[in-house]
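S.K.: Kindly produce the complete structure, drawing on both the sequences and the hints.
Those protein sequences? They're chains A and B, same order as listed.
Residues in the first sequence are numbered consecutively from 1, following full-length UniProt numbering.
Residues in the second sequence are numbered consecutively from 1, following full-length UniProt numbering.
Rough simulated footprint, nothing fancy, chain B against chain A, three-plus residues with beta-carbon under 8 Å:
#: 1; stretch: 159-172
#: 2; stretch: 349-355
#: 3; stretch: 379-392
#: 4; stretch: 427-436
Far from chain B by the CB rule (all over 10 Å, computed), these chain A residues:
#: 5; residue: Asp8
#: 6; residue: Leu134
#: 7; residue: Ala264
#: 8; residue: Asp309
#: 9; residue: Leu396
These are computed hints drawn from the structure, not numbers from a lab.
Note that beta-carbon positions come from the ideal geometry of N, C-alpha and C, so glycine has one too.
Listed below are the residues making up each chain.
2 protein chains.
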Amino acid sequence: MSAAALLDALRTALGTAHVLVGTDAAGYLTDQHGRLTGQALAVVRPADTHQVAEVVRLCRQYRTPIVAQGGNTGLMGGATPDTSGQAIVLLLGRLNRIRHIDTDNDTLTVEAGAILANVQQAAREAGRLFALSLGSQGSCTIGGNLATNAGGTQVLRYGNARELTLGLEVVTAEGEIWDGLRGLRKDNTGYALRDLYVGSEGTLGIITAATLKLHPLPAAQQTALLAFASIETALSFLNLARAGFGAGLTAFELLSEAILGLVAQHVPEQPLPLALGHPWYALIELSDSQDDQHARTLFEKVLSQAMEDGIVQDAALAQSSSQHLALWRLRDEALGVAQKRDGGNVKHDISLPISRIPAFLTATAAALQAGFPGVRPVAFGHLGDGNLHYNVSHALSGTAAELFAVEDHIHAIVHDSVHAHAGSISAEHGIGQTKRDLLPRYKSAVELDLMRRLKTAFDPLGLLNPAKILTLDHRP
Amino acid sequence: MSAAALLDALRTALGTAHVLVGTDAAGYLTDQHGRLTGQALAVVRPADTHQVAEVVRLCRQYRTPIVAQGGNTGLMGGATPDTSGQAIVLLLGRLNRIRHIDTDNDTLTVEAGAILANVQQAAREAGRLFALSLGSQGSCTIGGNLATNAGGTQVLRYGNARELTLGLEVVTAEGEIWDGLRGLRKDNTGYALRDLYVGSEGTLGIITAATLKLHPLPAAQQTALLAFASIETALSFLNLARAGFGAGLTAFELLSEAILGLVAQHVPEQPLPLALGHPWYALIELSDSQDDQHARTLFEKVLSQAMEDGIVQDAALAQSSSQHLALWRLRDEALGVAQKRDGGNVKHDISLPISRIPAFLTATAAALQAGFPGVRPVAFGHLGDGNLHYNVSHALSGTAAELFAVEDHIHAIVHDSVHAHAGSISAEHGIGQTKRDLLPRYKSAVELDLMRRLKTAFDPLGLLNPAKILTLDHRP
Numbered sequence: 001m002s003a004a005a006l007l008d009a010l011r012t013a014l015g016t017a018h019v020l021v022g023t024d025a026a027g028y029l030t031d032q033h034g035r036l037t038g039q040a041l042a043v044v045r046p047a048d049t050h051q052v053a054e055v056v057r058l059c060r061q062y063r064t065p066i067v068a069q070g071g072n073t074g075l076m077g078g079a080t081p082d083t084s085g086q087a088i089v090l091l092l093g094r095l096n097r098i099r100h101i102d103t104d105n106d107t108l109t110v111e112a113g114a115i116l117a118n119v120q121q122a123a124r125e126a127g128r129l130f131a132l133s134l135g136s137q138g139s140c141t142i143g144g145n146l147a148t149n150a151g152g153t154q155v156l157r158y159g160n161a162r163e164l165t166l167g168l169e170v171v172t173a174e175g176e177i178w179d180g181l182r183g184l185r186k187d188n189t190g191y192a193l194r195d196l197y198v199g200s201e202g203t204l205g206i207i208t209a210a211t212l213k214l215h216p217l218p219a220a221q222q223t224a225l226l227a228f229a230s231i232e233t234a235l236s237f238l239n240l241a242r243a244g245f246g247a248g249l250t251a252f253e254l255l256s257e258a259i260l261g262l263v264a265q266h267v268p269e270q271p272l273p274l275a276l277g278h279p280w281y282a283l284i285e286l287s288d289s290q291d292d293q294h295a296r297t298l299f300e301k302v303l304s305q306a307m308e309d310g311i312v313q314d315a316a317l318a319q320s321s322s323q324h325l326a327l328w329r330l331r332d333e334a335l336g337v338a339q340k341r342d343g344g345n346v347k348h349d350i351s352l353p354i355s356r357i358p359a360f361l362t363a364t365a366a367a368l369q370a371g372f373p374g375v376r377p378v379a380f381g382h383l384g385d386g387n388l389h390y391n392v393s394h395a396l397s398g399t400a401a402e403l404f405a406v407e408d409h410i411h412a413i414v415h416d417s418v419h420a421h422a423g424s425i426s427a428e429h430g431i432g433q434t435k436r437d438l439l440p441r442y443k444s445a446v447e448l449d450l451m452r453r454l455k456t457a458f459d460p461l462g463l464l465n466p467a468k469i470l471t472l473d474h475r476p
Numbered sequence: 001m002s003a004a005a006l007l008d009a010l011r012t013a014l015g016t017a018h019v020l021v022g023t024d025a026a027g028y029l030t031d032q033h034g035r036l037t038g039q040a041l042a043v044v045r046p047a048d049t050h051q052v053a054e055v056v057r058l059c060r061q062y063r064t065p066i067v068a069q070g071g072n073t074g075l076m077g078g079a080t081p082d083t084s085g086q087a088i089v090l091l092l093g094r095l096n097r098i099r100h101i102d103t104d105n106d107t108l109t110v111e112a113g114a115i116l117a118n119v120q121q122a123a124r125e126a127g128r129l130f131a132l133s134l135g136s137q138g139s140c141t142i143g144g145n146l147a148t149n150a151g152g153t154q155v156l157r158y159g160n161a162r163e164l165t166l167g168l169e170v171v172t173a174e175g176e177i178w179d180g181l182r183g184l185r186k187d188n189t190g191y192a193l194r195d196l197y198v199g200s201e202g203t204l205g206i207i208t209a210a211t212l213k214l215h216p217l218p219a220a221q222q223t224a225l226l227a228f229a230s231i232e233t234a235l236s237f238l239n240l241a242r243a244g245f246g247a248g249l250t251a252f253e254l255l256s257e258a259i260l261g262l263v264a265q266h267v268p269e270q271p272l273p274l275a276l277g278h279p280w281y282a283l284i285e286l287s288d289s290q291d292d293q294h295a296r297t298l299f300e301k302v303l304s305q306a307m308e309d310g311i312v313q314d315a316a317l318a319q320s321s322s323q324h325l326a327l328w329r330l331r332d333e334a335l336g337v338a339q340k341r342d343g344g345n346v347k348h349d350i351s352l353p354i355s356r357i358p359a360f361l362t363a364t365a366a367a368l369q370a371g372f373p374g375v376r377p378v379a380f381g382h383l384g385d386g387n388l389h390y391n392v393s394h395a396l397s398g399t400a401a402e403l404f405a406v407e408d409h410i411h412a413i414v415h416d417s418v419h420a421h422a423g424s425i426s427a428e429h430g431i432g433q434t435k436r437d438l439l440p441r442y443k444s445a446v447e448l449d450l451m452r453r454l455k456t457a458f459d460p461l462g463l464l465n466p467a468k469i470l471t472l473d474h475r476p
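M.R.: The structure is reproduced here in structure tokens:
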């Protein structure tokens, strides 16, 4: 009854075409992995910020939960409603305008539903770099990137999504609009609302637009694949590269021999510029503000010293832009394809203090072997910022329920080891619903209590993306 | 009666020597400018985090407000208690250990009471840069820097204090300890408590320790003083320098002819490497990861193009480290001395979108001339991040009350103009008590309400630095 009244009110506010139900809505109710499927009263498509606010006010009036969704590329189920069918899914996709580009201020103001690749492209056309870069950039939205504080491959130089954000426009749980679209690099006039909304996964407010930092486009880039005898020497080279390239070091992507082996086996069309046989490899990128010649010379200078000192065992430098692109295709596409084709694989998105990565790798591999003899860690990731995608391949068989139990056990072994090494169980993918119930094991009661106070202060009725990140009744 | 009981309990907890009253306490009750003097029940000096927590629990038990204080160098009265004499001033100075330096992870963990210069020095001794740099670094503490999200001269490259912070240890209003001392560059496991505490001026919790980001030490630096015919050409050069130096551009300090004139007049011992007669000057610093020769060549390349294009009128490059230091002395010391010796001067710490600075300068000068014919704007600041110290010299005379009224009127003219140009009325000094009552004029009711919810959620009894940043009963 009241559900019908809400639907009527939504149709009046947005137009019938923008209130989807039944099969029209179905595509928005399953997560990226296809593992979680929820239900919703309707999926709505507001046209602008005022309509978002109107939807929130109506849902509030009818005490109806709201799940905001961008490109639906999240990996933790944060944008998927629960199975009660009570919630409204709010799509931001129609809010996709680039509102303003200011090249003197190096800022870009964009609406939440814009696709990340389109934001990058708009910046590029203005002669600037928008430095957030990640695998799903062709379909994820900037609003989702901000809601999850997305990371990606260039964090070691430019920071996470939060550090690329200067201002926000947010619809609050009361359906009011906070205009915090400031293009200021220094502003100390109160609490860091911007930083709080970024990464809050739609549980504290709905981000509808953002003012983002731009950077100069690099004049030249030099990429290379290097081979290392150990994780320790890879870390030594990271230190050399940080000192020698300064802020020019824009990527340091670690690849284990195991994952390159999967590429060689399952993606034969992908060239591997170095032979297998070294335990670790890394894709290094130097971005240079001068020119190709300078980038090349500087890279070779740091590299030749490292090779002389026995830190690097082998190296293949990209000699052309097509080789540069092929290296990035290896990292961005071939790894994923190889793992998919390889089959069973338990994924982890973790981060560690860089200094503790060697000990973590040793301890975790040992703990996994003890629990599941024969499983194979397949690690890769953004070594420059301590973020590993530590995946575990196994050939275990059993019923679906048995395999889920194995998966949970593997998660527990890896996450316990991460915690013991002062790391994070979610480096860049967030918590959503998938990792929610893990938090009480790894966060203090003090921290969880502070988080609950925030949630209650900003969303007293608990209608914004409920039971994501945390539940209010959940006590460790 | 209960005050006496609290003092007894504090003496038992900390030792009598660390509970100061009367003349021993007096030095901590007046702010940096000597304009605000409060009263306190006592000034206490806990030895460590557990004693800080104990003080907070005791104050909570006795419903007594707590004003945390670091080096007492704040400019907005944030660390000065009110005149009721009810509060306890809590000094962090004894918590001054560097707990840990991790050069592989490029992090440093330090207690809140450590002097900023000592933190810089500890980093330097480990071969690293801690990139927060500001005028009071010899006496301010890192805890105060974090509580106010300090800025300084290197923000355009390294960010504010918040962006240099990876983890925090905080004592909550309940006297619990939140151990958030993480050394992680990617961690998306919940709300951004760290970013919220930074800049909250002791009103949400008391920061007792922090894990900070380190950077590589530059291999070489090239500084220069350049002269510009207009603010527009200074901005053009900023654009060229951002593109040409990339992240190597570590300072772009704007100086008006008016302020250099004051230096020439009042600080004759300070060398001026360029003649007066240009409307604008800037101290530029390039930090280089290669060597002196490379820094010099790169600087000259960008500069010679700019001179050919008529963007730069004159230039003096530092030829030695003593000339480099003399340039920075001009910026860091001589400006302040010159203004002090010049007399009456109404100060503003503002920021603007960089693109709007020219229009702001024109409009504000006109508004000031209309209100107070003969006053003289004396602007300088961190142009690279849009932060101006827009001071207004005047020769007006009158009673103290008349002069305060003039000052308030000048503030209003400047701040209204800042607001009209989408700027901030406090770029890096915070709000404290001095700017608190200005906020309702420049912030939306939505934002103030969100800020009050945060305050109430984290400090339900209102005991942490009450009436700083905002009052709970204050409605616009």
